[in-house]
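Trainee: Here are the chains, one letter per residue:
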Amino acid sequence: DIQMTQSPSSLSASVGDRVTITCRASQDIHNYLAWYQQKPGKVPKLLIHAAITLQSGVPSRFRGSGSGTDFTLTISSLQPEDVATYYCQEYDRYPSFGPGTKVDIK
Amino acid sequence: QVQLVQSGPEVKKPGASVKVSCKPSGYTFTDNLIHWVRQAPGQGLEWMGWVNPNTGGTNLAEKFQGRVTMTRDTSTSAAYLEMTWLRYDDTAMYYCARDPRGWYFFDYWGQGTLVTVSS
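The listed protein sequences derive, respectively, from chains A and B. For the record, in the first sequence the residue sitting at position 68 is 68 according to this note's numbering, with numbers rising by one throughout. For the record, in the second sequence the residue sitting at position 107 is 107 according to this note's numbering, with numbers rising by one throughout.
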């Protein structure tokens, strides 16, 4: 099974800050990686698939990068509405999620 | 617009069974896989498996084989998740989610069904 890790597990940043979340796969998953945002008490929302492809309607301040085993989600300018837990998910084999990164406003 | 509407919350005793429904709308039901994902309270997301609404075929995560059944009813355009021999650690929010391209990621999610296992 492919194991997914994320770092950090949580972070606190100021409005307008650039935020970076890292996701690592235990083996090469090519670009078969998605990112989801889950706001407190809400349903997960697809942000990015194929590592870099922004889902329709997602603000352009979200950007995905990486391939192989190392991936990054960047929020270029953190907004209050971005407070959420972010999950990466590989789909090279069977779907497997990372443990999540909780993002708060400082 | 695409929507997936799930059945309401359930409270079950240990050892009982539960069946959760998911009714998509806004697209052709048989065009896309339906996956099930669960989330225990305060925990992360766990993929359980998928059902192919066109063929009825399924693919379950190894952990759930033997205890979970995924089905669909094309006459009502609904998908179902049934879990037997419920345990306390099955308490979770259960989500159905649409697979946009058969690539095993999820573009639309149901609102979730909370299943609570309690004596």
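Hints are not guaranteed to be accurate.
To be verified - Rough simulated footprint, nothing fancy, chain B against chain A, three-plus residues with beta-carbon under 8 Å:
| # | stretch |
| --- | --- |
| 1 | 6-15 |
| 2 | 72-81 |
| 3 | 84-94 |
Stated by the list, open to error - Straight line, CA to CA, 25 Å or less: simulated DMTMM-like cross-link-like pairs of lysine to aspartate or glutamate:
| # | chain 1 | residue 1 | chain 2 | residue 2 |
| --- | --- | --- | --- | --- |
| 4 | A | Lys102 | B | Asp73 |
| 5 | A | Lys39 | B | Asp99 |
| 6 | B | Lys63 | A | Asp28 |
| 7 | B | Lys63 | A | Asp92 |
| 8 | A | Lys42 | A | Asp1 |
| 9 | B | Lys19 | B | Glu62 |
| 10 | A | Lys39 | B | Glu62 |
| 11 | A | Lys42 | B | Asp107 |
| 12 | B | Lys13 | B | Asp107 |
Claimed, not checked - Computed far set for chain B versus chain A, every beta-carbon distance over 12 Å:
| # | residue |
| --- | --- |
| 13 | Tyr80 |
| 14 | Asp89 |
| 15 | Arg101 |
For the record, the hints were derived by calculation from the structure and aren't laboratory data. Bear in mind the structure is a predicted one, so any value in this text is a computation, not a measurement. For every residue, glycine included, the Cβ atom is placed at its ideal position computed from N, Cα and C.
Trainee: Hint by hint, note whether the structure agrees.
Mentor: Hints and how they fare:
Proximity of the stretch 6-15 of chain A to chain B, defined as three or more residues with a beta carbon under 8 Å from a beta carbon of that chain, is not established by the 0 residues found. Counting residues of the stretch 72-81 of chain A whose beta carbon lies closer than 8 Å to any beta carbon of chain B gives 0, which falls below the threshold of three, so the coverage claim is violated. Here's how the stretch 84-94 of chain A fares: 4 of its residues keep a CB closer than 8 Å to some CB of chain B, so the rule of at least three is met and the hint holds. Restraint check for Lys102 of chain A and Asp73 of chain B: not satisfied, since their Cα atoms lie roughly 38 Å apart, outside the 25 Å limit.
A hinted pair counts as satisfied when its Cα atoms are at most 25 Å apart, and Lys39 of chain A with Asp99 of chain B qualifies at roughly 21 Å. Distance restraint check for Lys63 of chain B and Asp28 of chain A: the Cα-Cα separation of roughly 23 Å lies within the 25 Å cut-off, and the hinted pair is therefore satisfied. Restraint check for Lys63 of chain B and Asp92 of chain A: satisfied, since their Cα atoms lie roughly 19 Å apart, inside the 25 Å limit. Using a Cα cut-off of 25 Å, the hinted pair Lys42 of chain A and Asp1 of chain A is violated, with the two alpha carbons roughly 28 Å apart.
Among the hinted pairs, Lys19 of chain B with Glu62 of chain B is consistent with the structure: their alpha-carbon atoms are about 19 Å apart, no more than 25 Å. Between Lys39 of chain A and Glu62 of chain B the alpha-carbon distance is near 29 Å, which puts this suggested pair outside the 25 Å criterion. For the suggested pair Lys42 of chain A and Asp107 of chain B, the alpha carbons sit about 15 Å apart, so the restraint of at most 25 Å is met. Simply put, Lys13 of chain B and Asp107 of chain B have alpha-carbon atoms about 33 Å apart, too far for the 25 Å limit, and the pair is violated.
Even its closest Cβ contact with chain A, about 19 Å, leaves Tyr80 of chain B beyond 12 Å, as expected for a residue assigned away from the interface. Its beta-carbon lying about 17 Å from the closest one in chain A, Asp89 of chain B satisfies the requirement of being farther than 12 Å from that chain. The beta carbon of Arg101 of chain B is not kept farther than 12 Å from every beta carbon of chain A, the shortest such distance being approximately 9 Å.
Violated hints, in rising order: 1, 2, 4, 8, 10, 12, 15; the structure is consistent with all others.
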